[in-house]
Amino acid sequence: MRLEPIENPGIARRLGPPALALGATVVIASLLAMVAGANPFSVLGLILKGAFGSQFAILETLNRATPLIFTGLAVAVAFRAKFWNIGAEAQLYGGALVTVVFGTGMLALPAYSMLPLLALLAVIAGALLLLVPAILKVRFGVDEVVTTLLFNFIFLLFISMLLEGPLKDPMGMGWPKSARVLPEARLPRIVEGLRLHWGFALALIAALCVWVIQTRTTLGYEMRAVGLNREAAAFAGIPVNRVLLQTALLSGGLAALAGFSEVSGLKGSLTLDLSPGYGYTGIIVAMLALLNPLGVVISALFVAGIFVGADSMSRAAGVPTYLADIMLATALLLMVLAILLTRFRVVRG
Amino acid sequence: MGAGTDVVLRLDAITKRFGGLVANDAISLSLRKGEVIALLGENGAGKTTLMNILFGQYTADSGSVAVMGQTLPPGNSRAALEAGVGMVHQHFTLADNMSVQENITLGVDPLLAPGLNRAAARKRILDLAERFHLAVHPDARVGSLSVGERQRVEILKALYRDMKVLILDEPTAVLTPQETDDLFATLRQAVASGLSIIFISHKLHEVMAIAHRVVVLRHGRLVGEVATEDTDKSALSAMMMGGAEARAPEVSRTEPGRALMELRGVSTPNIGNAPGLKDVTLSLRAGQILGLAGVSGNGQAALAEVVGGQRKPGSGTLVLNDAPPTAWTPRDAVRRGIARIPEDRHKTGTISDFDLTENAILERYKGTPFSSHGWLNWRAARRFADEIIQKYDVRCPGADTRIRLLSGGNMQKLILGRVLEAAPQIILANQPVRGLDIGAVNYVHSQLLAARDRGAAVLLISEDLDEITRLSDVIHVISEGRLSPGFARGQKSPAELGIWMAGQGFADAS
Ligand SMILES: Nc1ncnc2c1ncn2[C@@H]1O[C@H](COP(=O)(O)OP(=O)(O)OP(=O)(O)O)[C@@H](O)[C@H]1O
Ligand SMILES: [Mg+2]
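Those protein sequences? They're chains A and B, same order as listed. Sequential numbering from 1272 applies to the first sequence in the numbering used here. Sequential numbering from 40 applies to the second sequence in the numbering used here.
To be clear, the hints were calculated from the coordinates, so they are not data collected in a lab.
Pairs of lysine to any residue residues, derived as SDA-like cross-links and limited to a Cα-Cα distance of at most 20 Å, are as follows:
#1 A:Lys-1538 - A:Pro-1387
#2 B:Lys-203 - B:Gly-108
#3 B:Lys-405 - A:Arg-1487
#4 B:Lys-405 - A:Gln-1485
#5 B:Lys-405 - A:Val-1511
#6 B:Lys-405 - A:Val-1483
#7 B:Lys-405 - A:Leu-1516
#8 B:Lys-405 - A:Arg-1501
#9 B:Lys-386 - A:Val-1511
#10 B:Lys-351 - A:Val-1511
#11 B:Lys-351 - A:Pro-1510
#12 A:Lys-1353 - B:Asp-392
#13 B:Lys-386 - A:Asn-1512
#14 B:Lys-351 - B:Pro-364
#15 B:Lys-386 - A:Pro-1510
#16 A:Lys-1353 - B:Lys-386
#17 B:Lys-405 - A:Pro-1510
#18 B:Lys-405 - A:Gln-1517
#19 B:Lys-351 - A:Asn-1512
#20 B:Lys-405 - A:Asn-1512
#21 B:Lys-72 - B:Ser-232
#22 B:Lys-386 - A:Arg-1501
#23 B:Lys-405 - A:Ile-1484
#24 A:Lys-1353 - B:Ser-391
#25 B:Lys-405 - A:Arg-1513
#26 B:Lys-203 - B:Gln-96
Estimated spans, in silico, between C-beta atoms of each pair:
#27 B:Ala-461 - A:Glu-1502: 19 to 27 Å
#28 B:Arg-56 - A:Gly-1548: 44 to 52 Å
#29 B:His-176 - A:Ile-1406: 38 to 46 Å
#30 A:Pro-1276 - B:Ala-313: 31 to 39 Å
#31 A:Glu-1502 - B:Asp-371: 12 to 20 Å
#32 A:Phe-1411 - B:Lys-272: 55 to 63 Å
#33 B:Thr-293 - A:Ile-1406: 46 to 54 Å
#34 A:Tyr-1383 - B:Pro-363: 53 to 61 Å
Backbone N, C-alpha and C fix where the C-beta goes; we use that ideal spot for every residue, glycine too.
Turn these sequences into a full structure, and let the hints steer you where they fit.
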């Protein structure tokens, strides 16, 4: 058996497999729920209700999608140039770290200058974090998959050390938790009274910007060329190494915005559970979106919806919460497979 | 002969459309045991498409393929393989990081019992290699082989599987004349033992030499079928071009002008097994075509890299318009008016998954008219691509087609348009007509001559001595990285040049 690319997939080909994947996910989720002792026919309804069934649910889903859009964009940008950034998790924490370092009192500015400045500093931090593996790659040929992945662990240990030491909140009753950022360093809500902060809007703007960069600018053109055929790009005179470094800066900066937005918009302080693996989930989000920046928004909403919906379903149906994790994993695996099948057909021989 | 029982392969009314383009239009064809058919046609006539259908890689819109009377399931290359159809693709499909033996036995030997038949397989490969004079070592890594050797591996692969029908899609486009002769000797032997062959080539003398029958495609339709003994080269080319006559461009004499680029005592390090340049001195003059003859792998790549900006001379100097350039990268070369037609249009000349527009601006997207302040001007780019498509007759569904869907010849026309539209001072043409049909060859040659006549300097690198001797005003031979003195047009016979190419004149000269 092998996969054969389909040149011009029709509408059935493009929508069929994802629809099947969704259906299969629902069936599997229902069976799992049944095994756990719940009514299998209520599962789908409960997931949908949990994710989109009320104003609260919808806002929860949007909030959850926000960091995923940023990390999804970070991965999409990098993978487009075949720069394998697996380190969005570390860059996210880099952005969060900078936000609490400067946002808890070191800078005293009004909100309208404080917030952009913090965002900018976060972007710089994330960009620099990814610049190191990028330089190692172009200078010495060190594989960035290894360096960015390992860096995640190192950086999380580093954060953990800071939270036990210099950054530890003296009022935190001994928890490894930073002090809260100043009120001027908090992203306000988009609509007063609704629990949705400006980080979400920022994420949408970021997606639009990335899309414009990729389709309209010479930098985007260079990144795509380098990703598709490095040899031909170099022959044509595209400075491949410089493009890879620029890609790293952009990707790292985007991932760091996830950390900034989580601290400043949602949590208010830095803890070690700030991200339940948003950096890694960003890879799935980007793959589901076929690396298209606008698609990232949709796939982030999809993934966040499953997160939130399955969680709420497990509570409502009284089944263990790890069922939600299993469902999420099933849904993602099937969806990745389905998306592959929209572009390839399986043939014998 | 009639409808003898010895028909091994029958194509019946094969039709294949790509969008609005009819690549194959109701083509029927049959092939007998021990017969060689040559498939002839212009670039984009639909030859490769037809072979891909036959081999089960594409599914035809209608029509059927039968091997030994058995209809093959459409779009199933495993079934085609099992029925005894083998194909050597226009672009090789070997796995670079595996050994020759692994490549040959891949998919044939049961993977679950490795080692079981290893020794037997090896023996069989060595036997076949000896019987058919296909010298390759079973343990060599395919990635390290020359094109000629890879070809032999592909053919061994077919012989190993006991094929009844072998499809060879432009096997000779990348071979030296000597390698081609060897290939033909092998093929004749295989045919004598019962193999049937479909052979695709744009070189008519090869077609006349190897085929029993010639089938001509034009715009997807079968327009002629003749026995080789009843035809000749000019009749074939007329059939192929729909009655138009293929006329090679007239070559007039010109007075060379000043030197636009000079290499003075340039040496470069070896690249892998290929030699670098050894103390090469050469000057490219305005209004002159300098032909570089030689067997490939003798330093042509290094020279092309130096001239094209990919490599700085290791020692010696490069002089451009009377002064050494301060910076020397591909982009500098393009900015200084050097047009580069690369040897490998798939790997270095184009980005397969970019469309024609994106490929058209690949060298010049930076700055006017295609971008300003980092913003691309897609409209200007699109206009440029459309202009090339029109002016250079690139056959394609449109400028937004991904370039890998173009036939080889049409891809080359796009590259040609891309570089020539910039009115270059110096043209580096590395194997510019490889894989092109006669009409396109003449077209490329006339463009090179026209550029020369308006005062450009042309460096023509080719393995085809005919091409070199016909076009070049001055000829150098390259061997082992050394350059012969320049010979004026007509000064040396092809035989004498051949002696230099074998590396012989150099000792006397030094
Ligand atoms: N997958 C595809 N999708 C769309 N168009 C295609 C595809 N494959 C081939 N074509 C088009 O079909 C036509 C026939 O192409 P084909 O490769 O068969 O030509 P060819 O005769 O082999 O030419 P050449 O001598 O240059 O190799 C061309 O116009 C090509 O652009
Ligand atoms: Mg072809």
